[in-house]
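Visitor: Below are the chains, spelled out letter by letter.
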Amino acid sequence: MITYEFSEEQEMLRQSVREWAAKNLTPRVQEMEKNKEIPPDLIKSMAKMELLCPTVDPEYGGSGFDAVTAGIVGEELGRADYTASVPVFYLVQASWAHVFDKYGTRECKLKHIPPATKGDAFIGIATTEPGIGSDLANMVTTITPNGDKYVVNGEKNYISGVREVKQYGGGHVTLARQNLRAGTRGMTMFFLPLGLPGIDITEDEEMGREAISTGGFHISNVEIPKENIIGKEEKGFYIVHEGYEFARAIIACVCCGAAMKSLENGIKYIKERNAFGRAIAKYEGIQFPLAEHYTRISMLRDFTYKALHMIDLEQEGKASRMEVSKTVAMVKMFCATWAMQAIDDVMQWQGAFGYNKECPDQAAYRAVRSFTLAEGSKEIMKTIVARELLGKEFITYR
Amino acid sequence: MLIIACVKQVPDTSDVKVDSATGTLVREGVPAVMNPFDQFALEEGVRLRDAAGEGAEIVALSMGPPQARSALMKALALGADRAILLTDRAFAGADTWATSYTLARAVGALGKIDLIMCGLQAVDGDTAQTGPEMAQHLRLPQVTYAERVTLDGKTLTVKRQTDTGYEIVEVRMPALLTCTPPADFVPSTPPFSAIIKAKKKPYEEWGAEKINTDADKLGLKGSPTQVKRVFSPPKRGQGVMLEGNSAAAVAGELFQVLAKGGVL
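From first to last, the protein sequence lines stand for chains A and B. Residue 1 is where the first sequence starts when you use the numbering used here, and the numbers rise one by one after that. Residue 1001 is where the second sequence starts when you use the numbering used here, and the numbers rise one by one after that.
Chain B extracted, bound-state conformation (with noise of 0.2 Å):
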């Protein structure tokens, strides 16, 4: 069995600042992390790894500047069995159509896989569009929104979140997830041992050229995305609490405060 775990590396922070004169996130000072549902798809990937016996094997892929190196390696020291960093002047001002093929391809040069899994979405971007369109180039099934995943032979069953609470689908590899913790979860951080352990084990860097592309299709050539304006939104004021002995007086109250809003 082979899977994919796809990580990013992400600012340390969710209050990323905006550079106002060119629309561009700050980086500088802020230190670089592995994007928390990236953690949570590895972790669940690895899980998955053990389950499915002797000959199974885990290879973390991002793609990015030689800096996401670190986020690779961390993804080494939490049981990944190798890396590769997708690195190139070629792929730079990538958006999300742009990444989700280059990754695509890489998987593409992997071979046989049988499970792609990747966090809901990046913290820095919130796009949550990487996994689906990955999963579209490749015409993988996929599964969103999945919290736990269980091993059953070729099929995969998924617990997923849904707006009104969860729903348990099956699919058969090979498929790719996205997946987002459940409130419970607390990321690994990995001992001494399993730091030097990660030292040893495979990584590569790979350019354009090993994975097959068409140039036309990489980096910012290749994003259709037209970003017109990035801002801070402005910050919310001060939530109203609304109290009372019963839901239904509560509910009453509510009433009133939208009505006299104009809301209702």
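Okay, chain A solo, but in the shape it has when bound (with noise of 0.2 Å):
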């Protein structure tokens, strides 16, 4: 027996989301967009609807939150956002907040993580270097013991939120190599506060979701405490999945709702503009693209709401991590690309305005292009469904 609903707290909590979401943050995208910036009010009133770092533990300031709850709220900022700044925001800083609330010490989580719950600090993720981004076995930075000190070199790129931590505080959730021989078994995951000497900012410029910085940093010879260590040294590399198959899901939503909001708009304008006599929802050039997007964005939902609850049914020992990397890897693999061909087509109805900075679906359109390589290209997640399939002897890169 199948239970195919949401909680009466997940409507409520959707509804709630949506109502915020309408008068609080679609009408200052643009500005966002505009100033390269999310509006620091903006996010302490994400922190006092409780949406920040969501599924941390009550006790760091978090709301206990399962996946699928997390998820909701990603879809509503995605429908939202059409910059998909806000979602990239929130879903980092979720999934990673995460992983550290579940692995990392009490001493590091009283310090970092209530800050970030009240909209005072960012929680990222860096593992991407300049030279790898899904091969983590050739990274370059390393952490190594040092007294009751760890020293940690190298450098970080592409890395979101960079500005944001410089602007409030908090740091990244970092993965480094500790055992230079073994690969991704010596790999080491801590907190990097991204305030302490040693750390050099940069930022780059991006094609879209312009409102949250990306950057990188160059890490020389910097002292992080034995506390920040998250999770067993060398056993990072397997921690660090867990955050991806995390923020992945909630990619996926943010892309659903990204998609279902542009149809939205796609059939409003459908309707109301004529061509040729008649409004151009008549015509079955129109009609036939708009029932496919509609009908593989509604299955890409389903889909990665199960991805969801399996994530869920992990975290009570009643689903493999296997099970889970997989599922995940089949919402991510298409998420971006379905909801870039759904956006494109909107941009295509709306003819000449549909390229126009002023149209919401251009914005969108480049937002969601980002995520078709961000917390893991669509090609890995290939790779990782074919590894589930034919087991591990077929891997590719062994």
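Hints listed in this document are in silico derivations from the structure and should not be mistaken for laboratory results. Be aware that one or more of the hints could be misleading.
With a straight-line Cα cutoff of 25 Å, these simulated DMTMM-like cross-link-like pairs (lysine to aspartate or glutamate) come out [to be verified]:
#	chain 1	residue 1	chain 2	residue 2
1	A	Lys34	A	Asp120
2	B	Lys1199	A	Asp312
3	B	Lys1200	A	Glu233
4	A	Lys102	A	Glu284
5	B	Lys1197	A	Asp312
6	A	Lys226	A	Asp120
7	A	Lys392	A	Asp135
8	A	Lys149	A	Asp200
9	A	Lys268	B	Asp1012
10	B	Lys1221	B	Asp1019
11	A	Lys48	B	Glu1043
12	A	Lys268	B	Glu1028
13	B	Lys1200	A	Glu5
14	A	Lys282	B	Glu1028
15	A	Lys166	A	Glu223
16	B	Lys1235	A	Glu264
17	A	Lys118	A	Glu107
18	B	Lys1235	A	Asp200
19	A	Lys23	B	Asp1124
20	B	Lys1217	B	Glu1204
21	A	Lys318	A	Asp120
Negatives, chain A to chain B, calculated, CB over 10 Å [as the list claims (entries may be wrong)]:
#	residue
22	Gln15
23	Pro54
24	Thr69
25	Gly147
26	Arg163
27	Asp200
28	Glu234
29	Phe288
30	Glu379
A virtual CB, placed ideally from N, CA and C, is assigned to each residue, including glycine.
From these two lone chains plus the hints, build me the complex, please.
Guide: Right, here's the structure in full:
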């Protein structure tokens, strides 16, 4: 027997977030994109709604959401902010605070998580480097024990939220090599506050989601205390995937929200816009892609919530790591591509306006494009699914 | 102190469509929300409850189909202490008179109350009648168009809107207020913890037998209103902006326009 509905609390939360976003977020999206900043008062307002780091234990300021509930918030933010800046802020922090909360030390959590839940700090993720993205085994950043401290050296790049951390405080859940001979088996995860001496931050320009920063940082002989180690030493590679999977599933929610909102914009437009004496919605050239996109995004949405449900089952010991990994990869593989295809057609229906900067759908298109890459490329998702279907002996890169 | 906040679930649109064949509102496919005027009245009621201190209680009351539960759950998340939904097939088809009668009977069943907070009107019908009619059924003093309320013992000081501005009136409780928000009112959206708490608060559904009613005064049977026709008014054309260097010049121009149009 399958129960196939959200709980009353989840429906109420969805409604509450939708109302909050309609009043507080959507009217400010254009201003945010222009100023390239999420206004601090908006982040405070999210904190008041208890939307920051939502899965975290209430002891550290979180709300103790399950993954499905966190996904609902992601979907609603995806609908409301067509530049996906706030959704990225939300999902990156939600995913990595989730891992930090699960595996971090009490001292480090007490120090760094409550400011983030109050909107006074940001928690991000830093694994990517100039020379590596998916190929984590070849990263150059190292972490070395030195007495009761650890010393970190290296460089991270294409990291979300570097300016936000500089502005508000906080840091990044970071992965580095500790045992240099052990490849992915020698990696350690730790929390790196970016305000420490020896960290030099740079910012990049991106094609979309411009209100949240992306950049990198050089790390030169930076000392962190032992309490900042997340999980066991040299076991970071295993737990980093929990964060990635959480983030990938929320990304799929954001894509569903953005695509559905864009289709709704499109439906309104094609019913009102006339060409050759009738509404363009009367033409099958418009109707057929609309039906296909709506169907595809609806299926994606249902499967995305299944993936989130499996993440919740895994927390209860009722689903295996590998099952979760495969299901999330199936969702992440297509979410951005299908959302982009839907948004692309909505832009096309709107003619020249679809390509105009005033058109929300073009911003959504640029934003969603990032999700074919972020938190694991769509190609890596195929590798994961194939690995689970064929067995580890068929892994391409071994 | 016992405060009753009346809330109604309405379609989430000001552009309500009318089924031309049946003359009724088309509700299918339109999400339902709490009437915005009622939310303001409720939030004012919660503020008064908090000001009254320990022992004060606010009960959210609604009449409607079982789906109206969601409006009451939101009322609980916004701070109501308990909620009652009046739901019974016998209540169906009620006009404002039958609705106000039913709500008044439910208030009667709650015992000695101090204050009833209603929205000025519901955005789906816009009659603004149900609150004042309840006051009549319950023989309570009423203040309409209330924008701001302060409490001093058993006396309420109410700032109410008028056609020309505001007036301040005092009323002794028990009383009924119909409320309308000031321009800068921002409705609250409940955070997650309030939603979780709402689920744990008392919620009841009452049928006709619970509130000691006269069956002839309920629902369609108890509704004297005869709806002759319901229709969407034709959309108004574009307005005209008159501009000038002084108020006198614009007034002169306006006079000419009205005279030419045969209005004056």
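Visitor: For every hint, state whether the structure bears it out.
Guide: Evaluated hints:
1. Lys34/A to Asp120/A: holds (23 Å)
2. Lys1199/B to Asp312/A: Distance of about 22 Å is within 25 Å: holds.
3. Lys1200/B to Glu233/A: Measuring from Cα to Cα gives roughly 43 Å; hence the hint is violated.
4. Lys102/A to Glu284/A: violated (51 Å)
5. Lys1197/B to Asp312/A: Roughly 22 Å between the alpha carbons, so the hint for Lys1197/B and Asp312/A holds.
6. Lys226/A to Asp120/A: Between Lys226/A and Asp120/A the Cα gap is close to 24 Å, so the pair holds against 25 Å.
7. Lys392/A to Asp135/A: holds (16 Å)
8. Lys149/A to Asp200/A: holds (20 Å)
9. Lys268/A to Asp1012/B: holds (17 Å)
10. Lys1221/B to Asp1019/B: Status holds; Cα separation ~23 Å.
11. Lys48/A to Glu1043/B: At roughly 17 Å apart (the allowed maximum being 25 Å), Glu1043/B and Lys48/A satisfy the hint.
12. Lys268/A to Glu1028/B: Answer holds: Lys268/A to Glu1028/B is near 17 Å, not above 25 Å.
13. Lys1200/B to Glu5/A: Within the cut-off at roughly 20 Å; holds.
14. Lys282/A to Glu1028/B: Holds, because 23 Å separates the two Cα atoms, which is no more than 25 Å.
15. Lys166/A to Glu223/A: Roughly 18 Å between the alpha carbons, so the hint for Lys166/A and Glu223/A holds.
16. Lys1235/B to Glu264/A: Given pair Lys1235/B, Glu264/A holds - Cα atoms ~24 Å apart, limit 25 Å.
17. Lys118/A to Glu107/A: Holds, at roughly 18 Å.
18. Lys1235/B to Asp200/A: violated (60 Å)
19. Lys23/A to Asp1124/B: holds (21 Å)
20. Lys1217/B to Glu1204/B: Holds - the C-alpha atoms of Glu1204/B and Lys1217/B are around 23 Å apart, at most 25 Å.
21. Lys318/A to Asp120/A: violated (36 Å)
22. Gln15: violated (7 Å)
23. Pro54: It is violated; Pro54/A is separated from chain B by about 7 Å at its closest Cβ, not greater than 10 Å.
24. Thr69: violated (8 Å)
25. Gly147: Given that every Cβ of chain B is farther than 10 Å from that of Gly147/A, nearest at about 43 Å, it holds.
26. Arg163: Consistent with the label, Arg163/A stays out of reach of chain B, its closest Cβ about 27 Å off (over 10 Å).
27. Asp200: At about 38 Å from chain B, Asp200/A clears the 10 Å cut-off, so the statement holds.
28. Glu234: The claim stands: Glu234/A keeps its Cβ more than 10 Å from every Cβ of chain B (closest is about 37 Å).
29. Phe288: Per Cβ check, Phe288/A is outside 10 Å of chain B; nearest 22 Å; holds.
30. Glu379: Fine: 36 Å to the nearest Cβ keeps Glu379/A off the interface.
The structure shown violates the earlier hints numbered 3, 4, 18, 21, 22, 23, 24.
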